[in-house]
Every structure is written in C-alpha cells, then in structure tokens.
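Undergrad: Following the hints, complete the assembly by docking chain B onto the known chain A.
2 protein chains.
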Amino acid sequence: MATGGLGLVVERASGSLVLVDRLAHSAVGRIEGLGDLSHASLTYSPDERFAYVFGRDGGLTKVDMVNRSIAGRVVQAGNSIGGAISDDGKLVAVSNYEPGGVRVFDADTLEMVQDIPAGSKTIGLADMPGRRFIWSLWDTGETWIADLSGSEMKLRKLADVGKNPFDGVMTDDGSTYLVGLFGEKGVTAIDLWSKDPKPVRFLKNYGKKEDDLPVYKMPHLQGWAFTDGQFVLPAVGAHELLWVDRITLEETGRTAVHGQPVFIISQPASPYVWTNFAMPLNDTVQVVDSRSHAVVRTLQPGPAVLHMEFAPRGAEVWISVRDANVVQIYDTLTFAKIGEIPAQSPSGIFFTARAHRNGL
Amino acid sequence: MATGGLGLVVERASGSLVLVDRLAHSAVGRIEGLGDLSHASLTYSPDERFAYVFGRDGGLTKVDMVNRSIAGRVVQAGNSIGGAISDDGKLVAVSNYEPGGVRVFDADTLEMVQDIPAGSKTIGLADMPGRRFIWSLWDTGETWIADLSGSEMKLRKLADVGKNPFDGVMTDDGSTYLVGLFGEKGVTAIDLWSKDPKPVRFLKNYGKKEDDLPVYKMPHLQGWAFTDGQFVLPAVGAHELLWVDRITLEETGRTAVHGQPVFIISQPASPYVWTNFAMPLNDTVQVVDSRSHAVVRTLQPGPAVLHMEFAPRGAEVWISVRDANVVQIYDTLTFAKIGEIPAQSPSGIFFTARAHRNGL
Chain A
87 MATGGLGLVV ERASGSLVLV DRLAHSAVGR IEGLGDLSHA SLTYSPDERF AYVFGRDGGL
147 TKVDMVNRSI AGRVVQAGNS IGGAISDDGK LVAVSNYEPG GVRVFDADTL EMVQDIPAGS
207 KTIGLADMPG RRFIWSLWDT GETWIADLSG SEMKLRKLAD VGKNPFDGVM TDDGSTYLVG
267 LFGEKGVTAI DLWSKDPKPV RFLKNYGKKE DDLPVYKMPH LQGWAFTDGQ FVLPAVGAHE
327 LLWVDRITLE ETGRTAVHGQ PVFIISQPAS PYVWTNFAMP LNDTVQVVDS RSHAVVRTLQ
387 PGPAVLHMEF APRGAEVWIS VRDANVVQIY DTLTFAKIGE IPAQSPSGIF FTARAHRNGL
Chain B
87 MATGGLGLVV ERASGSLVLV DRLAHSAVGR IEGLGDLSHA SLTYSPDERF AYVFGRDGGL
147 TKVDMVNRSI AGRVVQAGNS IGGAISDDGK LVAVSNYEPG GVRVFDADTL EMVQDIPAGS
207 KTIGLADMPG RRFIWSLWDT GETWIADLSG SEMKLRKLAD VGKNPFDGVM TDDGSTYLVG
267 LFGEKGVTAI DLWSKDPKPV RFLKNYGKKE DDLPVYKMPH LQGWAFTDGQ FVLPAVGAHE
327 LLWVDRITLE ETGRTAVHGQ PVFIISQPAS PYVWTNFAMP LNDTVQVVDS RSHAVVRTLQ
387 PGPAVLHMEF APRGAEVWIS VRDANVVQIY DTLTFAKIGE IPAQSPSGIF FTARAHRNGL
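As given, the protein sequences belong to chains A and B, one line each in that order. All letters in the first sequence, in the order written, are residues 87 to 446 by the working numbering. All letters in the second sequence, in the order written, are residues 87 to 446 by the working numbering.
Since the hints were derived computationally from the structure, they do not count as laboratory data. Any given hint could turn out to be false.
Facing chain A, a subset of chain B residues (Cβ under 7 Å, in silico) [unchecked claim]: (1) G91; (2) R135; (3) V152; (4) N153; (5) G216; (6) W279; (7) P283; (8) A355; (9) P357.
Computed list of lysine to any residue pairs in SDA-like fashion (alpha-carbon distance at most 25 Å, straight line) [claimed, not checked]: (10) A:K423 <-> B:A380; (11) B:K176 <-> A:H379; (12) B:K176 <-> A:M87; (13) A:K423 <-> B:K240; (14) B:K284 <-> A:H379; (15) A:K423 <-> B:I333; (16) B:K423 <-> A:L419; (17) A:K281 <-> A:P357; (18) B:K240 <-> A:I424; (19) A:K281 <-> B:A380; (20) A:K240 <-> B:P357; (21) A:K176 <-> B:L419; (22) B:K281 <-> A:D331; (23) B:K243 <-> A:T420; (24) A:K281 <-> B:F421; (25) B:K176 <-> A:I424; (26) B:K240 <-> A:P357; (27) B:K281 <-> A:T384; (28) A:K176 <-> B:K176; (29) B:K281 <-> A:R340; (30) A:K176 <-> B:A110; (31) B:K176 <-> A:K240; (32) A:K176 <-> B:K240; (33) A:K281 <-> B:A422; (34) A:K240 <-> B:L419; (35) A:K281 <-> B:V382; (36) B:K284 <-> A:L419; (37) B:K284 <-> A:G315.
Some residues of chain B that are not near chain A, with every Cβ distance over 10 Å (derived) [stated by the list, open to error]: (38) E118; (39) H125; (40) D259.
Glycine included, C-beta positions come from ideal geometry on N, C-alpha and C.
Chain A on its own, in the form it takes in the complex (with noise of 0.2 Å):
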C-alpha cells in the first residue's frame, strides 16, 4: 500500500495511536501500548516505513505503519520530552530529563549506540545535516552538536547560549537554531552555517515579566512558524503574536490575537498562518495574513484545541479537539468543515510527509 498519505493521532489519555488515511479522511486503524503519551511526539523514518514515537514515561516505540503494529519498544530513561531521527534515517536520537542527556539509537533495532549525559535536563533536540544533532542544557545555559558521521562520535559544546534555556528549534531551511531562554529576557539565534557557530543575541526584550510566571507557561519554541522573510512567534504573558525580519532579526509588528498563543502554524504555499491557544481560551483558532498581520478569521472547533497538521501542501487542515474526542478537517479556502474523526483524547497529528522535512 502507499504510505503517503496516512498519518498518526496521538490518544494521549490512553497510550494509544489512531492510524488515519488523510486522502480517504478516515481511521484505519489503531496501535496501543505505548505507555504514557500525555506528552508526546514522532518523527518517521525516510522511507515513511516506521514512527518513532516519544513518551513522556521515556519510552522510545517503533511503530510499523504497514503492518500496523509495534515493532519495537524500549523504555530507554525516567522521563523524556522529545526526539529526532538523523537525515540518512540510521539514527534515533531522545532527549531526556532524567537521567539528564540525551541517548542515540540504532533507528533498526533500537539498541543504543551513544549515551551522552549531561548532568543537566536536555531540551531542544533536532537533526542536523550529515548524521548530526543539536540540543541545549537546561542547567548549564550551552548548546551541544554531536556528529555521529565517523566512527567515533565528534560533540562541539557552545557555551554562553543564556540562562536556562527551556526550548530549541530549527529554521525551515535549517540554517539558523533558536533557543528560547527562561532565566533572562531575549532569544539566542546560532547560525549553523557558519564555520564557527557563535550564539547571538535578538528580542531583546522578549522573555517573562514576573519572576514567578512557571517555565510551562512559557511559548514553546516549537510554536513559531516560519513564513515569507519573517518569523513569527508567541508573545509571553500576552495575548499577541510578534513578527521578526529574519535577516535583521527585529521585530516589524504584532497581531492581537484572542489569547496566549500556543502553536503558530504556517499553511503551505499561502501567506497564513493559523495559530491555537492556551488555557482557558483554548477552544479558538485564529488565522493571520503575513503581509498585513492582521488576523483574517477566527474558527471555534471546539473544548481544547491542542494541535493542527496541514496536508502538505495545504488543501486541508486538521485539528484535534481533546474534549470533544475528535480530530475535525477544515478546508483551507472557504473554512468549511469538510470531516471529522472519532479519537480519544487526541493531541498530536502527524502525516508521514514529515519523513521528508528537516529539522523535526
């Protein structure tokens, strides 16, 4: 069968995946066992084979899309919020909180090969070209790239990334790694195609106003889109959206927006994005035009919208209602509701065109 057009629900309430064909916008299938993924995401091996599914209870699944089923599953640490596969698909790399470090595995059979603590929370992690990853120190303010090219594996430490950061993420073209930090305001951007990566200072003023706003109130990082020349991320503590020029790194404007935005999300070939929110506002979904920041429309799919996946090149758009128990599918155009799939506490979606995305 065609692996192309299938795609993964996470059921985050019981340790279960629904397996959808977004072409026939149906489930056709469903995979349990898979422990505690009430924080959870994949990534796909290169040929859309497999998943690789984390959990927060630090199980790594390696789950077969053809036939189904779990092919493999190792509970590799304590507690665990993230992972990637390197570009050539030989490598799965997890990054954990406890122990502290993160682990890289043989994406066949799932026996580690690397063991790289720490000593400190690790967050952030993504793949880099030619069998390489990036991740951060949630304890030591520096950023680590291990090159697992050779036959022994080659790790770069930059210090002075800032204090505390909570989060990393790659650019769409792979060229710049952001890190967003906790303990001081601004965002730290590396630039890694430059013979000497040197972490370097922008928004300056972006970063929490109180000393006791919690670090999960924080924007994830994994919530900024990228799209026509800018940035676009979460504004912290408010209810705005914050446009930065990529070249310049400053920023050009700001959308008021319903809440405190969560995922910001652009839809291929088109000048949108749309964006998601935090608790208690969270049954909204706003859609912005890059050019003029002005949000465009506002939809209410229902109680707790926790994530949105567009077919990759933007058709459709689909999102999970956790209290509603369903994923609904939109039509990009007219906004219509063109679908809806039953799914237990849904969170995450993920199409398998992902297998072929960097820096996921």
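TA: Same frame as chain A, but now just chain B:
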C-alpha cells in the same frame, strides 16, 4: 510496502521507467510502454501511489508505484511538454503545443474533464492552491489562471506578461509565478498572493543578445533555485550564475562557472546549490555556496549529466549520466560516490517526496 523511499528514473530512449529504492540504492523494477519520453516529466498523487508521466508525444500515463505497472494511459494531444496535479490530487493538467492549450483530466479515470484551447503553444504549467492551475501563452504573451474548485471553471487572463513567454515556474513558497521571455529582455514576476495579480518586469537586461539564438538554447526556468533569500538562475549565453535578491528583485552577484548552466538545484538544509551544464561541457557538476557566491566543488560524473535529484533531506544527490547509462549516487557531505544504478540513457529522476510539494 512503504512508498516514501521510492523513485522513478526516465529512460529517455526506450519509453521506459526504472523504479528505484532510494534507501537500498537499487533498482527494483522497470515499467515499459510509455511512448516517447525523449522529453518527459512526471508528478505524483498525494499518497504517492501513482505517478502521472507526461511524454513529448502527448502521452499521459498513470503508473501504479505499488503494483509497478501502467494503470492507465491516454494519448491526449500531438505534442506536449509537461503537466501538473492539483493540490487535492483530483485533477491532472497537461500543457500542449499541438493543439495549443491545456487539457485537464480526472486523476482517477484519466477522463478529460476540461479542454482549454489557447490558439497558442502553452508553457510553464504549474499547480496553485485551491484546485487551480496557471500557465502562459507563447503567441499572445498572456498568463492564464484556471480555477476548477467549483462546478464551473473560472478562467482569469492576465495580459501584457511579455513577448513570447518560453517558460514559467513557481517560487518554492508559492507566492510568485516567474515567466521567462524569449521575445524581449527581462523576466516577469506575478505576485499570486495579491488580490489583483499583475505582471511586473525585473532583471531588465536578462535575455538573449543575438536575434538568432534559438529558443531551446534559452535556460529553462525549471533550472532556477530558491535559496537563502535569493533566486539563482542561469545567465543567457554566458557561463555564469546570476544571484537575485528575492525582495528587491535586484541582481546581487554572479558566479563564473564551468559552462552554460541548465539545472540549478538547492541542496536541502544547506547553503549550497548544485548546477549542471549544457553541451558540450556537460560532463561536469559544480557546487556553489549561496552566501559567498563561490564555487566550492567541481565533480565530473561522466558524459551527458542530464539531471540531479536530492534525497528530500539532503544527505545524497542522484545524478543521471546519460551516455554512461548510469545513475550515480553521491554523499553531499563528503562528495564520495556511494552507489550506482544502471539505466538506459537516463534523464529525469523523481522521488516520491515530490508528492508533498507545491508548484511542481
């Protein structure tokens, strides 16, 4: 089986395709009976199940990637130069010289659903979001946009695009349609995200210098690359790449290269573009850095390098070497040749990941 790692190589002299497995670095089948593929391209269905092959003789062939066979075929015109599939995968459009115009087919049955005569050769066909297609007319200097999302087709005609458009291409973000002109100097840009798209001329010195330069010696716009805030395109009748700022549309630099560039292709997640050359200097490929505009590597794969295709995340490049009857595979980090697949007079190489990209 998973389809995400598959690809097709055109065997231009025998009307056949080689089915390849990108991860295994091997051929896994051959499909024959596709007529005249001396000039051919193809596009994929959104689930990667089918390839639609557009042949010079007006043949439109639907190829089943799972069953490795021809699922449908129609000879729909006398002379045809390319095609596209709508973003929702429902319609396939073909661009014809004879009779001049565009024909649209049901992607499932290959039944013709719309005949759009132009009284002119049509060129530069691409898909646009919302089940639309765009193309240009050689004889009249117009660009047409067909909207097939409703029960009746809506056709929009833009005049004064330029004298004798010979090719057109969509930028990678889908924002702009670029039209190359044969009858006058300059390139036309049309902003597709505008409510009222208008042709705008730029690079006003770009174009043929001698009146008798035949159209087939003009560089393909399909050879343009979009990288790092720039366009990079082949100079006309000179051994140079031109670099253009995407925002200002002003030329920002030139790179002296080995021959007349044909295809310039961006290496994913990198600052590099790779270029091949026209006869007689077509045994060579060069790699150029988009930041320094300098050549960083020169390779000599062999006689008649016709096409290059990257692994979607950039770790490898596949290069067709027509007169050595082989497709070579290179590691983009080390430039080492890491594989080779026999193919008869290979030309275009197309991986299934293209199913998830716009404007192809």
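Undergrad: Output the numbers, in ascending order, of every earlier hint that fails for this structure.
TA: Hints 4, 7, 10, 11, 15, 16, 17, 28, 31, 32, 40 contradicted; others consistent.
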